[in-house]
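Undergrad: Chains as they are written, first to last, in my numbering: chain A, 92 to 393; chain W, -1 to 307; chain V, 3 to 448.
Any given hint could be a false lead.
Stated by the list, open to error - Here are the simulated DSS-like pairs of lysine-lysine, each with C-alpha atoms no more than 27 angstroms apart in a straight line:
hint	chain 1	residue 1	chain 2	residue 2
1	A	K112	W	K118
2	A	K237	W	K59
3	V	K125	V	K195
Quick caveat, the hints were computed from the structure, so don't treat them as lab data.
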Amino acid sequence: MANVAIAEGATPRPNYGSMSKDRRWALRWSYFFLVLFAIFFLMPPIYMLITSLKTSQEISAAGNPWWIYNPTLANYIELLTQNHYLTFFRNSAIVSVCVVAVTMLISVIAAFALARMKFWGSATLATGVFLTYLIPETLLFIPLFKMFAWVNETFDIQLMNHWWTLIILYPTLTVPFCTWIMIGYFASIPKELDEAALIDGATWTQTLTKIFIPVALPGIIAATIFAFTVSWAQFLYPLAFTTSTTELVLPVGIITTLIKGDVFNWGQIMTGALLGAAPPLVIYAFLMDYYIAGLTAGATKG
Amino acid sequence: MADVAAPNSIAAMGDSRSSLHKLMQRKSTVAFLMALPLILLILILVAYPAGYAVYLAMLNKGMTRFVGFGNFEFLFTRDTFWLVVYQSCLFAITAVIFKAIIGFVVAHFVHNIPSKGQRKWRGMLLVPWVIPPAMSTLAWLWLFDPSYSAINYLLEPLGVGRIPWTGEAGWARFSVILVNVWIGAPFFMIMYLAALKSVPEQLYEAAAIDGATWWQRIWFVTLPMMRNIIAITALFSLIVTFANFDIVRVLTAGGPLNSTHIFGTWAFRVGIEGGDIPLGASVSLFMVPILAVAATFILRDITKRGSEV
Amino acid sequence: MASRKVSRRRFVAGTAALSTAMVAAPFVRGAYAAGKLSLGLWDHWVPGANKASEALIKQWADKEKVEVSLDYITSQGNKLLLTTAAESQAKSGHDVLSFSTWLPSRYADQLVSMNDVMEPLIKQNGAVNATVEYLGKVGGKWLAVPSTIGSQIKGPCSRIDLMKQLAGIDVQAMYPAGSPPKADAWTFDAFLKAAEACHKGGHPFGIGLGTTSDSVDTAGALFHGFGAQLVNAKGDITVKSDNVRKALDYYKRLMAFLPEDAPAWDDASNNKWLVSGKGAMIMNPPSAWAVAKRDAPKVAEQLWTHGFPAGPAGRYAPFLPFFWGTWNFSKNQSAAKSLMVFLSQASSAEKMVEASGGYDLPAFANFTTFKTWAEEAPPKGTLFSYPNPYNHQVLSIAAAPAPHKIAEQIYTQAIQTQMVVRYAKGEAMDKTLDWAAKEIEGFSRN
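Let the hints inform the model, and build the full structure from the sequences given.
TA: Next comes the structure, spelled out in structure tokens:
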């Protein structure tokens, strides 16, 4: 049945003779299936919302889980006034913003060097940058403990259990991909532009700031959103490297402070999860087109 | 990528070699300095720890003695290890296939409707991809809860009994894959949608004039035009899915009976929870050769793309 | 090594040298503590219980003029375990950390000896049970101090009404409040019959068969009840024994009466099962009852915590102690020890027991009769039998008495529950035993 829809729908704009009746049906089927998929895709966040508006008594009563009998904002109020939730939120925000700044600084400059200037080993480096994407962080966190121990003994700098340690670690996850996106963007800028600038006596720095960055701005925004989303959602590193409630960031904070082995606090857990998902959702709501442009960067070139 | 960079600079060099000679010398130094933060970041925080992990994987349990490949030999004799290999492959491959299929189908439906409404639908359907996975997996955990499952509640009137979503090996495997597909499919949808839009309209017109049926149009026009993007997306997704940690960790923690453990979660179980750090490192290392195979495919593709520019 | 570290750090922390000197001398309570102390304590599952320990620690800190920073670390998702591993690898962390069950022995080499704390405490507060000694003392060295917070007996918590109606058992008569239990008829056979009756009546026992501690502990006690050891004290693998077969057979019959998804249960599942009113019994400390009191008072009124049924080899109950330990790289070991002594006094223990609604169990013999357990309600006396006041049952831990390194793996990899699930799902007995033997063989490596 789905196929019928695809058949007629693959070419929506032009009219092929008297197919308008078929097309109307195709359209209906398309909407029908889109609604089904939307239900599937949106069910968990909607259920989060429903649960977050319930009291824990109502949840334990095990009535209709999809209906709220006594809507309450208590979970939100409780969460936003205590439980260190605001600390998690602040930590997450600072970490994410700093990581985005560091990432963009490193990757835009490096991408420019790799895309437009050649130096010994630059080709290897470009490949190497990509390969780092393949090394899973589950492999890295234990050696990092050891390195932190060494740093602590040698320089007396304590890296464990500080939220700012994450600012050092997250760029390993964001920089390779952002650099890669930016190389793609820079490569698509006509060579004549910077050649002309260079011949006119512009320095490389000027070429970068006056020509490349303005032209590649959409790509930069896309990479920024990408870096933000990744640092906001990271799970393993904060789980491994931070412990104190004053140092935790959102996803891990929710999982480690709201879930208590024996006690279920699902109203609050869902509230926390929903609020934790909110910033990326808000950014995405406003910058969706850039976000999608970033995700699909290079897609159409392939 | 390397090739993307190279032709440009050669071209720049070719024109006026002598006058640019000085500049070139300076240029390579400047370029190196510009890339230096990137190099340091990768060397210190990725390459070195990765090398250290290889070293760790060759120590004994107490980390007092060098045992060479002893840990790997030991792993090969473990049933659980082979179970994890099997489950990792099953998990990654099945999940990627379903993500690709669902992404493809949904992209078609979105492409189908008038372009005015597309933005709205696209936005709605991309939501699972935007929510941090640890958070959305929590929602799924709650939907699957043995005592309070809201999904079972919906299925009850349909005559379906209580499904042990995370309780029985088969269902648990299904559940972790389902959640992974749910999170990843929107990404495929967006990529495919972009690719669909880049297929020239004339090709379809020509196909329609030739009397092609709907599936012939997909098979002979759409798919060939999208081949590259399908391959890249699938490979990228394969890498990420293979190295997954949070979904399985939060949803089942590897249970029941280790049936949903994948490399990342089992490495964690063995290394951290079981206190055998070298063995945990060895388990994680097994991801690398498998990922490297995927990488060579991607790199080949990139090189090809580079030479086309 | 240690001395080198000290000299390197001397200029940073003056207290470091002091505390290293203290290690050799016997620990004297009231030795001037001072300085800074960071604590990582187990995040309590009973709502409000953290406040008591916080207040106590503050009281101590004010008296000793120590600047204390306090973290509560959940054991959910093994965060506490991860933190312990991270601190051990990174050689830095909390001065006092909660060590769950097996961790003192795992990190034996990195922990400061607590003999100077434990020996006087045992003289003062009475002996500790064999399980605490097995887990906390290795080679004559006390690795950590048993902590009141979080230590628990995971005996049955039953529904008075359902057990009466469906199984014909009056749990209140069997374990009366204020007097010794009359539970001679409370055997594995009676337990199985009750499980069957409650299953038939639509309220199955909520016993998990997952890989988290609640499931493993129950299996451990049942195995002990059959005298079934997977590995003996010498480290020989004894999986293929009649007692293990008997335990598996028994469990297979029991599993037929448990919820279908029991293999996926975690530590919260059984609580939810009881609080939602679906189950007639779970094996849990009183946290489920505490939640029921808050969210489902009607259920709470019908709950009764009591002793474990007796098996052919005796009456064993799962006991899960927590410990407080100090790393050998901690910079303020003297203050850490001073705090542990303070928290192990009767008055402190009683406060923590009270705040946790009776959940916490002090390890010392003289501490099992606090009034909290007699008075907690509803229903009155529901917790009376919880701290094992008449030594009616042997407190045990799964996988004991195997050597620690092996026992820990059996416990954390949940070999016993996995065996049960395999066998009950139709695998041949010998195949299950072979599997377990092979897994355990792998644990013996070092």
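Undergrad: Does K118(W) sit within 27 angstroms of K112(A), going by the straight-line distance between their CA atoms?
TA: Holds, because 25 angstroms separates the two Cα atoms, which is no more than 27 angstroms.
Undergrad: Check the hint pairing K125(V) with K195(V) against an upper bound of 27 angstroms on the C-alpha distance.
TA: Violated: K125(V) and K195(V) sit about 44 angstroms apart, past 27 angstroms.
Undergrad: Does the alpha-carbon distance linking K237(A) and K59(W) stay inside the 27 angstroms limit?
TA: holds (16 angstroms)
Going down the numbered hints, you'll see the structure goes against just number 3.
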